[in-house]
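A.B. asks: Residue numbers (the numbering used here), protein chains in the order written: chain A, -7 to 236; chain B, 11 to 300; chain C, 338 to 682.
Simulated pairs of lysine to any residue, SDA-like, Cα-Cα distance not exceeding 20 Å:
#	chain 1	residue 1	chain 2	residue 2
1	B	K95	C	G459
2	A	K98	B	F169
3	A	K68	B	G201
Quick caveat, the hints were computed from the structure, so don't treat them as lab data.
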Amino acid sequence: MSDVLLEVSNLVVYHGQLCAVDDVSFSIEAGEIFAVIGANGAGKSTMLRSLAGLHSPKSGVVAFKGHDLAGQSPHKRVAAGLSLVPEGRRLFSSLTLEENLQVGAKGGRKGTFDLAKIYELFDWMPARRRQYAWQFSGGEQQAIALGRGLLSNPDLLMVDEISLGLAPIVIERIYALIPEIVAHGVSVLIIEQDVSQGVAVADHVLCLLEGRTSLRGRPEELSPEQIERAYFGVGAQHESDVAS
Amino acid sequence: MTWFNILIEGALVGGFYALFACGLSLMFGVMKIINLAHGDMAVVAAYIAVFLVPHLHISEVLSFIVVVPIFGLVGYVVQRTLIQKSIDRDPFTTLLVTFGLSVVIENLLLEGYSANGQTVNIGSAAYNSWHPGGIFYLSYVSLVVLATSVVVLGALQFFLSKTGLGRQIRAVADDQEAAELSGTNYRHIFGVAAAIAFATVALAGIAYGMMTQFSPSSGGINLLYAFEAVVVGGIGSLWGTLVGGVALGIAQEFGAHFGPQYQVLGGNILFLLVLAIRPQGLFGKKTALS
Amino acid sequence: MTKLDGVRVDVRRSTNSPALTLAGVGVLVALLTAAPWIFPQGFVSILVNFFVLLIMATMWNLLAGYAGMISIGQQAFVGLGGYGVLYFALKGMSPFAAVPVAVVVGGVIAIPITYLLFRLRGGYFAIATWVVADTAMIIIGTVNFLGGGTGKLVPGFTSLSPSELNHYAYLETWGMAFVVLLGTYLLLRSRMGLALAAIRDNEVAARSMGINVVRARRVIFIVAAAGCAGAGAVLTLSQTYVQPTNEFSLQWAAEMLFVSMIGGLGTIEGPILGCIIFFALQQTLSQQGAWYLVILGSVAMAIALWQPRGLWGAVRDRFGIELLPIGHWVGPLREPKALTETSEE
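Isolated chain A (complex conformation) (with noise of 0.2 Å):
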């Protein structure tokens, strides 16, 4: 009975002349930890920039809580609710870990998660709040980009590539922080290429393979068989050519 955050309908999105994203469909319901997986150029990325409003998808419906967001702006997303916290953390590099959490702060809306539940949840921010963001390590910016993220309060907040260039055990504890802000109201979708990690803390899995989608379902409804082959796409059509 929750209600559906997030319709996906058909949604078709090109990067230049190729198609990155073929008829994919899919839904989010509040509460809920959504990951989406699959090897390296599959589209994910580009799904997740076309459903912030950095990309304009070509064909499709994306529907937030009822809302049709055709055209809308990334900054107009935001105050609706939808946040994309991007690959590669992209930090402001001339502010300082204060002032970037500040700037995620005054473009989103009011809620739980203000500067002060911020750093009570990363409770060695405070005392570094004045470095700026080459003076901290991976995972410290991807929790800070991820406390930039939380502090527009986001219905829904969407993770690229949550743990890329990290250190398992930062992984773990960036993980370990999904369930907590999930209990905090915010739903969280998260792309990861990771597949163990993807398929363990979510609810939902969804499986790209080359813009298209290969498998969705419920994590313990699938089997690790049918989830690798949805990832590389064995026993799809895909000979290799004669000709090269």
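We have chain A; now place chains B and C onto it with these hints.
C.D. replies: Chains B and C only, in chain A's frame:
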């Protein structure tokens, strides 16, 4: 003795150059564009101060109270319409359009007010100077303009570092897309940056009119100075622009020492030297370099 | 015919009817060469100025439309060309002979300048070109031998009657324009032209294909400098008096830029069309002082915003004509023997 004179005169005019240039620097930092009509905006402000403000029964000295806010507004509107449309096409178009704007403005002024030199009338204050001793005569106007420049630059720096809007401006300058994703309306931010640029350059233009004669082509000359100040000081640094302005002023004074026709040359040579030896300028980041 | 992945592909020059174009061009060339004897002097004078601007616009187009460099300082070389003629004429050379020398001088001086200018790009590059022009103007203005700030009459014309002078001046100007246009046409049809188009479309891709982007740009800058020097040089033949503020005037920059924008960047016909419009405008507004620049500038801005390929670009898109073919058409040849799915478009 002459060296000291050169330094003082250079510093005095340097502060003014920095005021002139900070808008150019800001627009480049935030929007990554050069507004080639930047200098002409200053001249338009000066013309308005001389010819239009008196109709409002305000003395020319106080004209900036009216002109500066109006220019800020005009800057916002011009940015959100004309310049944004150019940016949406490509940086090429922006250069061409702002150059076109510059030429159109200069020639409209030429048609309207002829090529005669004008000044902003500030009464006897124009001729008074401070005499601290010996052979030093520092004109009041120059001192006031320098003080104003430092105050305005300081206020701008404060605005950028301590206010929410200022942080958003810096964020957009760092990474426009990430700022958008953080909920910042980057077009609005562009507008604000343009508003600040137009307002400061209008102030600079009126100050210029108080210090010397101006004519329709003055905009171009001052764009040159503003640009040289920014490059010498370092693209992307506000205080660098101040240092650059002072360095430029000193270089020009040094040139003038050999004859009035060498004044601008002095500045040009400094600029070309910096380009040859240290292209990112004294305090600059390398964003404008190949 | 080229083989491409087993598909036979036809690569042709992009023109509908080369023979027609050649014939048309031939007639035009003959007409223009005979102009001093066919047309009244007033019109011939206009043609002289037309050719001067055409040379500059073609060069600016080469810089901006092909090499991606916006310059508002080409007047530096216009001035150097003019003063080059003056210098050699003062040393005893005939000004007519001095013209090609000035062209070479302009090109040579451009070489060290590229090393300075190429440290910048975009708007900063543009303004830096202007600083260079400004510097050149000031320096020349201090040289008394060349007339200093007030200028000097170019010697070497006194042996000619006015009509002879006009004729020779016209012929050399037309000759320069013809050489410049032909040279540009051949350049753009050559490998260099292909490299430039690649650089313009996607610099990173061009670089990864082994094209030396910096060298290509440097070559173009030098060529454009030489061309503009040529324009300045032939200008002295008709004006006979050189003065720094005239030779190095920013007005040249404005005119060549506006004309190219209106006509359309990236084609040879564009600057020609732009110049025609410019002179038509100038003739109709000749008494209006600075208005023609206002109107020209406004039109140029409007075109940049709403019709970025310029007027010729619009004509070309609409009607599919290309008078001076510098592009290529690539198409499949009847039945392609495809082994794999061809990706089209």
